[in-house]
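**Q** Given next are the chains, with one letter for each unit.
Number of protein chains: 4
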Amino acid sequence: MKDITIDFFEENPEDNRCDIMIEGLPGVGQVGKLVAEHLIEELGAEKVAEIQSVFFPPQVIIDETGVAHMPNNEIFRYSGKDLNILFLTGDFQSSSPEGHYLMTDAYLDIAEKYGVKRIYTLGGYGVGHLIDEIRVLAAVNSDTLKDEVEKAGAVFAKEEPGGGIIGASGLLLGLGVRREIEGICLMGETSGYLVDPKSSASVLEVLSKLTGIEVDPTKLVERADEMEVFVERLKAMDQQKSDEELSYIG
Amino acid sequence: MKDITIDFFEENPEDNRCDIMIEGLPGVGQVGKLVAEHLIEELGAEKVAEIQSVFFPPQVIIDETGVAHMPNNEIFRYSGKDLNILFLTGDFQSSSPEGHYLMTDAYLDIAEKYGVKRIYTLGGYGVGHLIDEIRVLAAVNSDTLKDEVEKAGAVFAKEEPGGGIIGASGLLLGLGVRREIEGICLMGETSGYLVDPKSSASVLEVLSKLTGIEVDPTKLVERADEMEVFVERLKAMDQQKSDEELSYIG
Amino acid sequence: MKDITIDFFEENPEDNRCDIMIEGLPGVGQVGKLVAEHLIEELGAEKVAEIQSVFFPPQVIIDETGVAHMPNNEIFRYSGKDLNILFLTGDFQSSSPEGHYLMTDAYLDIAEKYGVKRIYTLGGYGVGHLIDEIRVLAAVNSDTLKDEVEKAGAVFAKEEPGGGIIGASGLLLGLGVRREIEGICLMGETSGYLVDPKSSASVLEVLSKLTGIEVDPTKLVERADEMEVFVERLKAMDQQKSDEELSYIG
Amino acid sequence: MKDITIDFFEENPEDNRCDIMIEGLPGVGQVGKLVAEHLIEELGAEKVAEIQSVFFPPQVIIDETGVAHMPNNEIFRYSGKDLNILFLTGDFQSSSPEGHYLMTDAYLDIAEKYGVKRIYTLGGYGVGHLIDEIRVLAAVNSDTLKDEVEKAGAVFAKEEPGGGIIGASGLLLGLGVRREIEGICLMGETSGYLVDPKSSASVLEVLSKLTGIEVDPTKLVERADEMEVFVERLKAMDQQKSDEELSYIG
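If you read the protein sequences in the order shown, they are chains A, B, C and D.
Each residue of the first sequence is one higher than the one before, starting from 1 at the first, in our numbering.
Each residue of the second sequence is one higher than the one before, starting from 1 at the first, in our numbering.
Each residue of the third sequence is one higher than the one before, starting from 1 at the first, in our numbering.
Each residue of the fourth sequence is one higher than the one before, starting from 1 at the first, in our numbering.
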């Protein structure tokens, strides 16, 4: 069993060149994941690969019909008129520090295979209280990218995001440098308590200006509600897990 | 020293074809382990393999006569008139996330060696309070299995088991897909506080309908009492362990 | 850098056959370590090997003159009239579960190299309160050893040591089986709060009857006092470590 | 992806012989890091290598302009009239125990490549309260070094540093022995609460006497203030991280 397994659902993926990758894995307020899933559904992107790993939590996920599937991160591909896009979203980030590095490396292998030259990583920036005016904070992996990002409405705030970005959203930028892949991280301010469609709408707006992708944001709220149900079910499972650890042998 | 060591006690295990595997490793309320051990003893199944691993907690287990043995998971085999069965039970689940994946992979290697086409994984679903009517919750790794499971009396509850199943009971389903092994998980509701023979009886009832195996459930209560003594001894050991960690050097 | 490094200080160690190994690594009340170090000094055993490992805590130990040395476990050898003995003692047990398995495997490699046929593992059994009559609890890895151990004054108590023995003292017994090395674990009851020379004296008494080794126990108290000073210094270091973790970057 | 990646920025580094290495990685009160960075800037040392690793925390660091870079430890080189010096400083220590060993081994590989014969490791010794007279505590990896160190004003205190030194500052001494590299650790007493320029000044004074390097200490206070801002930003990020862990899936 390999530490990370990637299954491609299309032959010769390297023949389907993509310009950019958009990452929206789970995180604060599910802001990034919500934007990525919204785009995938609105654009009708197609699933082209699945990623499984021993670095995920050791569990299966049960869908609402009772069918179990392995935790997956997924790659979707969309061919537009002006832009071909790879999406990275899924169930989990790595559950170990080293796994974060190795999985990000695998994501970059996929990006390179498709010829991606720029990655947008999307996330939330938790502020711990409700917000009226949602700012979209940004970080880049080359200062040549700053102008473009600021013009699209994102903010480089001197004291935020506090010195670092944890997980895939950060490491894709950092490890991308060595592969000459541009990286832009967009973080929507969020209370962090619930799946946050308003923060996602703000991130989507900046992303649209940067990429030219235009989609109707209406269904973000609906999708956030569905996601919230799922998140609540997973929290219940975590409670179950704690019980289980109390009785791990018999 | 290998990470996982499997010792077979029969030659050419691949010649002893089995139709199904029944897994009952330690977990909430010891529900699955109790059912598996009950079946093994009532049917007179024979031990055919032992599994040791560095992914187990770093300790030996002392039996009541003072003899130490390594933590083992064990494979038993039973040849019935209509059905040949492999049982998986034992002392521990993995103590690390990655170990859960690698050990489940090893369990599936064993299942494949014996030609197993379907795995039943058994466990408890902790609800944190006493229950009058015990439901048996189910999950499957293919929706073609649902009808059969529901007819046997198990329930696919939309909001339970909360989105996931942790450990071998879940991963056997998930990782079984790739090997084309059907997987059905049966979880008896339990308070989770004590070894629970009532929950086990409910799971056994559903399992009997699904497999045609019929055994007298009378001794479940007696076996639960014995298991409870062992569980209490292990809790005492955990207390000892905590003391030990406070003085790990001298 | 290897995970475990063993340096021998004598050529052809396999030519210096030993009958038994006595293990006294750090643990509850330092009971085992104190017995082992006492025997090493009273008998004048000679250091023949050092073991270093990445599984130890990531630190050096500073002696009272200010000189740093790597954490070591050590092998001493003593050639008596009737009995040749290998001692295993040292600074630490493994800091990770898997490391416990791999280091115990390395200890057994050393034992086999010297032809050891039996291992005594020594430790404390913490009861959490002061004790008048100290019992020495025992476990063995073959029931053929029980008579001999009981005659020497140790007790096989049905409910103690609570179902398991954690760390090298347990795993040497468990993993020794596969190599056909007899294993006897002797655990002196102790409050567990301080280095406990009384508990060590009780263990030593049983061990003397089992092995025929006779040493004057007088200096056990003195050695316990010295060890206590060292233990206190290490506790102070742990406090320092906690502070350090609060400021791991700058 | 390798566990540890070292990029050299000069060709044939082994041709640029250095006499000593000075290590100042993050730690209590940032005392060591502050001294190392101060020396690097005052002497105008040149960056000659960067070290990245999966053993670092899984994140990028955002500078104040919004540009992300991977966590780096860095090697600087200074060629003086009488002394050629290698400096080791950077963003993090290892986040896992085994990583501490493997990274220290990599640092020593670099030191050997440059022909280094002696390493000074610098750090703080947290006492938990404000101090009037700051002592510089010392440890060495050979007692032949003690006289020299005491003459320079450092103290070998019998009960401090409490029996051990954790992390690279300790392991460089311990693992250096096998490579015949002398090791001297200097620890300035500090409250441990803030970046501490006074403690750093005391360490610098002893180091200057030992090495003959003389630099103006005036800017230590200014640099400490800058470092404190960065430390505070990272603390804010840690808070963010805690929030993130509460919502790792969606």
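By construction, these hints were calculated from the structure, which means they are not laboratory data.
Treat each hint with caution, since some may be false.
Identical chains blur together in the list; that is why a pair holds if it fits in one copy or across any two.
[As the list claims (entries may be wrong)] Straight-line alpha carbon distances no greater than 20 Å define the calculated EDC-like cross-link-like pairs of lysine to aspartate or glutamate that follow: (1) 209 - 109; (2) 2 - 98; (3) 2 - 109; (4) 151 - 3; (5) 198 - 63; (6) 2 - 182; (7) 235 - 14; (8) 81 - 64; (9) 117 - 41; (10) 81 - 133; (11) 146 - 226; (12) 158 - 63; (13) 219 - 41; (14) 151 - 50; (15) 209 - 150; (16) 2 - 105.
**Q** Could you tell me which of the numbered hints above are not met by this structure, giving the numbers in increasing order?
**A** 1, 4, 5, 6, 7, 8, 9, 10, 11, 14
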